[in-house]
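Asker: The primary structure of each chain is shown beneath.
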Amino acid sequence: MPITYTSGEQVEVYRFSLPVTIGVPLVALIVQAYVPKYFPSFAVYVDLPLLVTIFFAMARRNPVAGLFTGAIIGLVQDMIGSREIGIYGIAKTVVGYGASSLGVKLDVENAGARLLVTLGFYLVHSAVYFAVARGLVNSTLHWNWGPGMLAGLVNSFLGVILYFILDRFKQRT
Amino acid sequence: MESFLGRYRNLIILVGVLFLQVLGLAVQVKTGANEEKDTRLIRVWALGAITPFERALVWVQNSTGNVWHNYFYLRGVRAENRQLKEQIEQMRLQQVRLSEDAAQARRLQTLLSFKEQFISKTVAAQVIGTSGSDLSRIVTIDKGENAGIRRDMAVITADGIVGKVLFVSPNLAQVLLISDQSSGVGAILDKSRLQGVLRGTANGEVVLERVMSDEQVQPGDIVLTSGGDQIFPKGLPVGTVTKVGSGKDLFLSIRIKPAANLSRLEEVLVLTEKQERESVADDHVRIRAADILAQRLPSVPDKPATAVTPPAVAEGASPGPVGGNTAAKPASTAAGNAAAVKSASGNTPAKSATVQVQPGKTVQSGKTAVQPSTQNSAQTSTAQKPKPLSKSSTEAKPEGAQSQPPAQPSIVEQKPAPVAAQPDTPPPSQDNSPQ
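Protein sequences, first through last, are from chains A and Z. Here the first sequence is numbered in this note's numbering, starting from 1 and rising by one per residue. Here the second sequence is numbered in this note's numbering, starting from 1001 and rising by one per residue.
Only chain Z is shown next, with the shape it has when bound in the complex (with noise of 0.2 angstroms):
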């Protein structure tokens, strides 16, 4: 026996140790693979030490970069800058228009009291390390339970969901990526409204599954969440669809490329508190695209001290760059000057001032009396229409505005000085021109 055990000893070490390890992963399939409560203590002694060593990698990388892009590497920082203000002022005016179709929403969603879920609460992690393994596709975060994160959280970038939170230590968590093979998210074709569920594969590619192959999904179609998997609200972008094919079992397969760039993630947001309320029509003051637009045309230059305006009109308005260049004429009363400054807050008294304006024709509306630009239709009808001001202005009552200083510049309807008075007004400029 003792001869059996030496000759072999090796072997039934190896046995052994095998066998421990198959009986470890026997207990955890049979508690399940999602069971975190069994393994978790291994995983965070594990997870401890390793990340202090990732930090400080990642520390000093972000470090050397730093000085590098801030003191060093600026070439082609001011087109970069000018591009990006460009882009900003785009993206503004189409914010806004945005916003407007969002608010119609709101009012529809409140007439049928849908339920809305809303991102209360994200907080900003970053990401410090990978599985190592491309068939567990996890990344760790340097924040956890401290920062009030939880399991089965969502977490999202900019670009889109990036994955679900999928285990938690005091200051690191994991987060299971969509591209996950065990991942699964309850997703909707913006489009088509076609419902399915976003799975990822042993390679690391995202599919939609379960929609039916009689329908129809074209490549390019944006994906987006459905919220029905009760981890991500609903309408975050997930990704476009790249490929779409016959599936099994009468269902399409439908290849998906992720709208988050999952192999390179730097920093995330953990959604960490939601709201579910019934949605509200948001009834104040919204700029408009042509508000803004007009923000930006050329001022028309202060009339003299001598001008025609009165002081109690000049100082109810606020005495800012004009929009577009229509000016309007002074309103000849205090009590006008009211209804102006009511109207351009842009709440219900408003319509009353609105008019309608053929280019090159003086309009009269109420008191308020408006003559367009010819330059430019569509500025002029922009100017006309009730132009909502900055809060101070909106908030500015005629009666007190007198012993105020004028208001922060803003859109005023109100300039004594009609643009053909003043010869020597800038013409508008190519970027100021409505897109």
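Bound conformation, chain A alone (with noise of 0.2 angstroms):
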């Protein structure tokens, strides 16, 4: 796995053990999946699955490898909802192609890097998923930015809490 710089500085490729690839997205669709049951805000401002694609997707800092978890964890969510199925998957795809083309290019180690990178592609997930929604499925969704902002701010902040949690299974190449 080649190390690429950036500013000269450093950036370490990291890599997940099988458990963990595997367990991790689990689990974040199972409690996406079931906290709602007791806290249905729970479902309109967080979103595990994709804060779980820009982690791993930052952490490899491969395109090929993000956009495919991506889209895995994406068409799972699909098929435990009642849409269609791709809407998700295409908006996630999207996402972990761009967070780890990022992680390339930036050091996102940092809280408030992470922070905003979070907020960014909350911002770029929601967009891909309204426009899929409306333009493929012409679903009738409305666009509303102050609970937009809110939920990205709300990932955000559980990003970078949960990102730090899951830096422990990081293995370097």
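Just so you know, the hints here were simulated from the structure itself, not pulled from any lab data. Given the structure is predicted, the values throughout are model-derived calculations rather than measurements. Hints are all accurate, no fakes.
Chain Z is faced by these chain A residues, among others (derived, beta-carbon under 8 angstroms):
| hint | residue |
| --- | --- |
| 1 | 63 |
| 2 | 67 |
| 3 | 83 |
| 4 | 85 |
| 5 | 86 |
| 6 | 90 |
Label-pair ranges, simulated between beta-carbon atoms:
| hint | chain 1 | residue 1 | chain 2 | residue 2 | range |
| --- | --- | --- | --- | --- | --- |
| 7 | Z | 1072 | A | 161 | 26 to 34 angstroms |
| 8 | A | 135 | Z | 1235 | 38 to 46 angstroms |
| 9 | Z | 1030 | A | 144 | 26 to 34 angstroms |
| 10 | Z | 1031 | A | 173 | 38 to 46 angstroms |
| 11 | A | 148 | Z | 1067 | 39 to 47 angstroms |
Glycine included, every Cβ here is placed at the ideal spot set by N, Cα and C.
Both chains are given apart, each in its own frame, so use the hints to dock them into the complex.
Answerer: And the structure:
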């Protein structure tokens, strides 16, 4: 795995064990499906599968791995929902590719950078989802900046905490 | 060429993956969003992978909750129990009143040969998960095809309707909530009988559409199912109107608060069988609210063995507590007693024994003499009416009654002693006063 450089600073590439690669996204999907049963707002403001996609994509710094990670997580998320399969898949594929491409060029190890990156990718994810749902599936969604930004901020702060927890599972290549 | 592929390899893969997904979406859109068969297998796999963990979580949570609530956290249970008992009594009275109304409605429907849908079988299921997305409002329940659940079956709770079954696997089912924007339910406003279509919105609200803007709809109006969707039987509670505004194209925009708490679903009922038949008037014995009330009134102590009651009379009627403070004088013959028992059964001959009583006045009707109490006129007049007894009492024949032990306590009109002769009869408590 090549080591890339940004502004002369070495950027590390990480890998994960197979149980973590499968288990973490699975746990994220289960929590995402289970918690709204008791806290319905959780489904509105939190997207754990998205955070996991961003984390793995940024840590691996491999666009192909990132886009496949996003595609698989998104498609499974579609499968446990009632909508057409592929809407989350496309959105998370784009996010996975983008996050890993950004990870190659930028050091996103500190909390501030992670916060901003997560907020940005949350908005990208929402925009792609919105475009696909309205353009391809003809769904009647309405874009709402207020709740959208609030959800973005909630995900960003949650993401920073989650990334620090998941950092423990990183393995240097 | 090779350098081009190598240089743009990542981008080409991205486009390829996106293209495949768009193609898949296009196929789904073309074949119809609700065509389950195309994606059924994939969804079964995904649910099969996720739901065992959810089941385990639900089990752990229920077990922990049961231990805590059943063995440790019992604070206020006695007071709650007392409140619930009082509530049950109130509801029993209300139920009896309502059953009278329902019986009347059935008789009218019989006259008009209306057809009704009856819920004949339900399956209880537990909610174990959701879609995890606010754009797809579904819940997953722990029963599936093996429990008799099929697609498009109605799902309800005791409070109101919840949704319909969207997808079924052998041991699981997904329920599309009425708040999902792809759902639609035939609904009717209870007061004005205006019909409309209930739909969910993208932000999870429930609105009633297709009600003309010149109609009068008020916040607080009750919404019921109309039965027009062929999924939900008619008359199930849907919710309450919370806001009425002008909508598009001469229609009102009516916002509904669902009767069932869709965000906190724990257990639901799936209507697995409905029957459509003409309603039949129910001529069976019905208990009236007054009778329930009378049962709760303090009983008059039994007369000593030297009482004037002849054995034939005493055994023909149940020696239970007296309804109200009114006691009928004993019938003088077995035939009279038979008439009294018959009238107590609530069947047609009972009318002959019905008397109108003024408080403080002794009235005789046929062979049954009644001496009402002066304490409570409502209870008195209640006690004069024919009393439907418990089934055992109703079916007891006077001829055979002598050889049988007394039936279970029930309302008795033939109590031999009038209240005036029982100085130690306790007055009716406050709780027992008619509402």
